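Visitor: What follows is the residue order along each chain.
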Amino acid sequence: MVTFALLLVATACTLHDKNAATLVTVKVQVTLPAEYGNAAYAGRTVTLGNATATTDANGVATFTGIIPDIYTITTSAELSGAEYSALTGNVVDSYQYYTISGTLSNQVIQNESTITLNTLSTKAQALLISKLYYAGTNDNAGKTYQAAKYIEIYNNSANSVKVDSLYIGVAETNGAREFDPYVDTEHIYLKQVFQIPAGSNKVLAPGGSLLLVNSATDHTASNDMDLTGADFEAYSTTYATTTEVPDLTFVYGTGSKPITYLTLLPGTNNAWVIFNYPAGETMELVYGPAAKDKNATAMLNYRYVKLPVSYVVDAVEALKKNNSATYDYTTTKRFPVAIDGGYVTVSATNGRSGEVVYRTVARTTADGRIVLTDTNNSANDFKVGVNTQTAKTKLGTVGEDYAIVTPRTYPQ
Amino acid sequence: MKYPIFFATALCATIASAQDDNKPKQVITYEQYLSADAQTLWKSSLNAVGLTAEPLIERGSSYLQLSQEKRRFGRVQEGDRMNDLTFHSEQYKKVGKYLNAYGSVNFEMGRIFNRSWNDLYRSYNSNPYISGSAILGKYDYQNVDFTAMIASVPLHRFIYGVRLDYKVGDLSRLKDPRPRTRLAEYRLMPSVGYTAGKHTLALGAYYHRRKEKLVGITTVQSSSTFIYYQMTGLENAVGTVGGYSGYGREYVDHIFGGELSYQYKANGYQTLLTAHYARGNEDMWESEKANPGTYTTLKYGARWNNLLRTTGGLHHLNLDFQYGEGAGDEYRQQEVKTTDPNTGLTSTHWVTILEYNNRYTSQTIDANVDYQYLWNKGKEGAQAYVGGRAGYEKAKNVYDPAYSRFDYQYLHMGVNGGLGIQMKGNTSLWVEPTVAYRKTISTHLNLADATTDYAVNVLIPDMTYYQRNYWKAGMALTYNWEMRIKGYPTRWFVKAKGDYLRANGAGENTNFSIAVGLFH
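If you read the sequences in order, they're chains A and B.
The first sequence begins at 1 in the working numbering and counts up by one.
The second sequence begins at 1 in the working numbering and counts up by one.
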C-alpha cells in the first residue's frame, strides 16, 4: 500500500515516464539492375538524410546513430564506358558514360532495419534540360515580373546533335494529380507541347545550348535577364515578342483557348520534358478523371497528350514548394522514377524570388567542354541559384550561398 | 485616440462608484492600504475562501499608469523598448451579511520595439512549438485581465467560495510578415474551507483553459523572400521562404489543478501553508487538423506565509518553492488525401507515423524567501517598512534525440524599504528605494547543431543575458493627498517610479513609470 502510494506520488510528480526515441542502425542494400548480373555496388556513396556512408564489397552501406524519422535515401554513380563494360560484359564506346541512380523518398525509419535500394542504369543522354527559370522575380518597383522565363537545353555529349523537330512539353498541373506515376509507369501526360520547327536545321555543337523563351527581349530594366540572344520564342499576345527570333511551333495545349506561351508558373509544378516522336504518328490525346461530368468545353481543360516514357530524351520535375517539413512530395510527382527519380523545388512557395533551377557541372573534359550532371534524378542533378545579385542578397539569409545563374553559364 | 477616452471614462466611473449612499467620512489612505495588504496573507493564494478565513479589510484602488522601458541588456525575443499604458482597479468588499468579495480588472496596451523570432505570447521554458521571423519589428499588444472572487461567511463552520479569472489578449506584429495572435483563457476555481477555532483548512480545484491562435499572416510589401520559421525545441527550427503564406496554428491547453491550504491564527500570529498542483495538456492544430505535437506541463509547489503582529509593527516571513516541468512530444505526420469516387470530392487528413516522446523537456525550480518588517501605527497604518529577499532560480531545457541542452542557475537577493513622510493637509510622501542583485551560478549551452539560424540568432546571443551578473536599483515616490469633490472625500495618489539595471559589461536598462490613481 505504501509502495503503491509512493509510486503514485512519484508518477504524479514527474512527466518523464515515457520512453524517449533511441538511435538506430540502418543498413541500405543497393541492388543493381539486371544487366549488371551479380555485380555489387561496392565503394559508392549512399546518402540517408544528411548522413553518408560508403557501400562495402556486398553493396551494403551502414548508417549508425540514426534518429528515427522520415528520410530520403539516394545514391548515384557515374560509370565510365570501361567500368560499365567490366561490370556488364557489354562492349561500349570508351567516351560513353552511364549513370546508376536510385532514390527512396519518404522512407520511414523507426527501428533497426535493412532497406533495399533499387537502382536504375541510364546511358548518359546527349540532350539535357540544363535550366528552368519559372519563379519570376519582382521588378525594381516591387511588382511581380514574369516575362523573362526560359528553358535551356544543353548538348552534354562530345558530338553535334541536330535539334529541329525536338519536342518540349510540360505535365498536367491540376491541384490533385490526374494520373499516378507509381501506377502507370509507362506514360506521362502533358498539358502543353511545343516543337523546334521542323526544317530549322538547328544543330547544337558539343557543349552548346538552346535557349527557349516567352519574350526574347532585354529584361534587365525589370531586374531580370537579357534574353535577346534566345534561339526560339513562344509566340503569344501576353508577352512582348520579337520577329528577330523564330517562333517555337505550338503543337498542343489544354482548353478551348489554349495558352500559347511556355507555362512556366511559380505557384505550381513545373515538370518539363524534351522528347522525340516518330514521324507520321499522331499524338494520342486522353481525358483525365477530372473531366468526368464536365460539359464538352470544360472537358478540354482535362485533355492531355499521352506520351510513352520511351520517347523521353530528358525530364526535370520541379515541384511547388510546400511549407510543411514533412510534406510528402511523392504524392504530387507527375513523372515515373524511370525518367526522373526525384524532384527539385525552389525555396519560395509562390515564386517571385528570382530563383533558377540549374543542372550542376559534373566535370570538365581535357578540351574544356563542360559535362553536366546526369543521374536521372533531379534531386541529385539540380541546384537552385538566382538570376541577379539583388535576388541573391534577399535570399542570402536562408543560409545557402546561391550562385548567380544566367543563360549559357554553368556554375558548379 | 479612443483609448485615452476609454481610460478617462473608466477612471471617472471608478470615482463615481467609490461614492455610495453611506458617504464615508474618510477614505482609506496609502498608509492604511499598505498595512491592509501586509495583513492579507491569502493574497498569494488562488483560494477564494481566504476572503473569509482572515478579516476582510474593505479597500480598493484604481490607477492609470504610463511607463517606458529601454533595454540594452536583454534577450532577442523581448525587444529593446516597451511603452505601456495600464489601467488597474481592485476592490475588497463585504457584500451584505453573508458574502465577501474581491474583484479586479487590469487593462494594458502597449508597443514592443525591435522584437523578433517569436510571434506568440510565450518564449521561455514553455511550449517550444512557436513561430516567427528573423526581421525585427514592432508589436502592439492589448490584454485585459478580470478576476472575481466571492466567499461566504462560515456556515456551520464551512466556508464556500468561487474564483473566476478571465483574460483576453491580442498581439499584432506591425512589420512584414504580419501575424496576429489572439489569446483567451479562463480559470474557474470553486473551493471549500472548514474553520474550527484557530484552524482553517481549505481546498480548491480548478479548470483552466487557455487558447492562443495565430492566423492570417499578411504582408503589405511585394517581396516574396520573407522566411518564416517554425520552432520545435532549442536550436531546431525549419525556415521556409514564403512559409507564412497560409500558415496558422491554434494552441489549446487544458489544465487541471488545485490548492490545499492550512491556516493557524492565535495571539497575533498567523501562518498560512499552501500546497498547489497543476497538470496541463496542450495540443497544437494547423489547417486540416495537422498536429506537430503536444505539450504537457506539471507544476507544483508550496508557500508558507507568516505574519506576526507586535506592538509596533508587523513581521512578515514568506517562503515559496515552485517546481515546473514541461514535456513536448513531437509528431511526424503525413497527409492523406482521399477522393470520393462518386462525388469527386477530395478530403484530407493527417496521420501520425512517428512519435518522439518527451523530445523536448523543460524543468524549472524557483525558491524564494522574503522578510519584511512594517512599522504600523494602529489605525493610521504603515509608517515605514524594510525588507529583504533571496531566491534561487534554475531552468533546464533538453532536446533529445539530436541531444541539445540549455540550462542556467541564478541567485537573487535584494533589499527594499519605504518611509512615509507626513506632511500638512493630510498628505504624505512615500520614498521607497529598492536594490537587487542577480548572480549567475552556472550556464550551459550544448547544441547538436550550433549553426542553425535559430541557434546563431537567438540562443547564442541570449547567452550574454544569462551569463552576466547585474545590479538593479530603483526608487518610487508616491505622493498622496485628500481631495473633496462636492463634499465627498477622495484620496488620490501620484506615483513616479524609476529603475536602473546595469549588467556586468553587457549594457544597461532603464524603466520609468508614472501613475495617477485613487483609493476607494
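No lab work stands behind these hints, which were simulated from the structure alone.
These numbers come from a predicted model, not from an experiment.
Treat the hints with care, as some may be off.
Said to hold, decoys possible - Computed beta-carbon distance windows for the label pairs:
id, chain 1, residue 1, chain 2, residue 2, range
1, B, Gly344, A, Thr220, 43 to 51 Å
2, A, Thr25, B, Thr338, 29 to 37 Å
3, B, Pro341, A, Gln389, 21 to 29 Å
4, A, Ala205, B, Ser347, 20 to 28 Å
5, A, Asn106, B, Thr510, 50 to 58 Å
6, B, Gly344, A, Asn276, 51 to 59 Å
7, A, Gln389, B, Thr338, 28 to 36 Å
8, B, Gly344, A, Gly65, 43 to 51 Å
9, A, Val108, B, Asn125, 31 to 39 Å
10, A, Asp226, B, Asp283, 37 to 45 Å
11, A, Thr25, B, Gly344, 39 to 47 Å
12, B, Gly344, A, Ala198, 34 to 42 Å
Stated by the list, open to error - The calculated lysine-lysine pairs, modelled on DSS-like cross-linking and capped at a C-alpha distance of 30 Å, are:
id, chain 1, residue 1, chain 2, residue 2
13, B, Lys379, B, Lys497
14, A, Lys320, B, Lys175
15, B, Lys289, A, Lys320
16, A, Lys294, B, Lys497
17, A, Lys320, B, Lys379
Stated by the list, open to error - To spell it out: a stretch of chain A is covered by chain B in this simulated footprint if at least three of its residues, at any positions, have a beta carbon under 8 Å from a beta carbon of chain B; those stretches are:
id, region
18, 63–76
19, 299–307
All C-beta atoms in this analysis are idealised placements derived from N, C-alpha and C, irrespective of residue type, glycine included.
Visitor: Run every hint past the structure and note whether it holds.
Guide: To see whether the hints hold, each was checked on the structure:
Remark: the range hint 43 to 51 Å for Gly344 of chain B to Thr220 of chain A is upheld by a beta-carbon distance near 46 Å. Distance hint check: the CB atoms of Thr25 of chain A and Thr338 of chain B are about 36 Å apart, consistent with the given range 29 to 37 Å. Distance hint check: the CB atoms of Pro341 of chain B and Gln389 of chain A are about 52 Å apart, inconsistent with the given range 21 to 29 Å. A beta carbon spacing of about 54 Å between Ala205 of chain A and Ser347 of chain B contradicts the range 20 to 28 Å that was offered as a hint.
For Asn106 of chain A and Thr510 of chain B, the Cβ-Cβ distance of about 54 Å falls inside the hinted range of 50 to 58 Å, so the restraint holds. Distance hint check for Gly344 of chain B and Asn276 of chain A: the Cβ-Cβ separation is about 36 Å, which falls outside the suggested range of 51 to 59 Å. For Gln389 of chain A and Thr338 of chain B, the hinted distance range of 28 to 36 Å is not satisfied, since their beta carbons lie about 46 Å from each other. One distance hint, 43 to 51 Å for the beta-carbon pair Gly344 of chain B and Gly65 of chain A, holds here, with the actual separation near 47 Å.
Distance hint check: the CB atoms of Val108 of chain A and Asn125 of chain B are about 32 Å apart, consistent with the given range 31 to 39 Å. Between Asp226 of chain A and Asp283 of chain B the beta carbon distance is about 53 Å. The supplied range of 37 to 45 Å is therefore violated. For the pair Thr25 of chain A and Gly344 of chain B, the supplied restraint of 39 to 47 Å holds, since their beta-carbon distance comes to about 46 Å. Checked against the hint of 34 to 42 Å, the C-beta distance between Gly344 of chain B and Ala198 of chain A comes to roughly 40 Å, which is consistent with it.
For the hint linking Lys379 of chain B to Lys497 of chain B, the alpha-carbon distance of about 27 Å falls within 30 Å, and the restraint holds. With a CA separation close to 27 Å, the supplied pair Lys320 of chain A and Lys175 of chain B stays within the 30 Å bound. Taken as a hint, the Lys289 of chain B and Lys320 of chain A pair is honoured in the structure, with Cα atoms around 22 Å apart against an allowance of 30 Å. Between the alpha carbons of Lys294 of chain A and Lys497 of chain B the distance comes to roughly 73 Å, so the proposed pair goes past 30 Å and is violated.
Distance check on the hinted pair: Lys320 of chain A and Lys379 of chain B sit about 75 Å apart at the alpha-carbon level, beyond 30 Å; violated. For the region 63–76 of chain A, the proposed coverage by chain B is satisfied: 4 residues have a C-beta within less than 8 Å of a C-beta in that chain, meeting the threshold of three. A stretch counts as covered by a chain when three or more of its residues have a beta carbon under 8 Å from one of that chain; for the region 299–307 of chain A and chain B the count is 0, and the coverage is violated.
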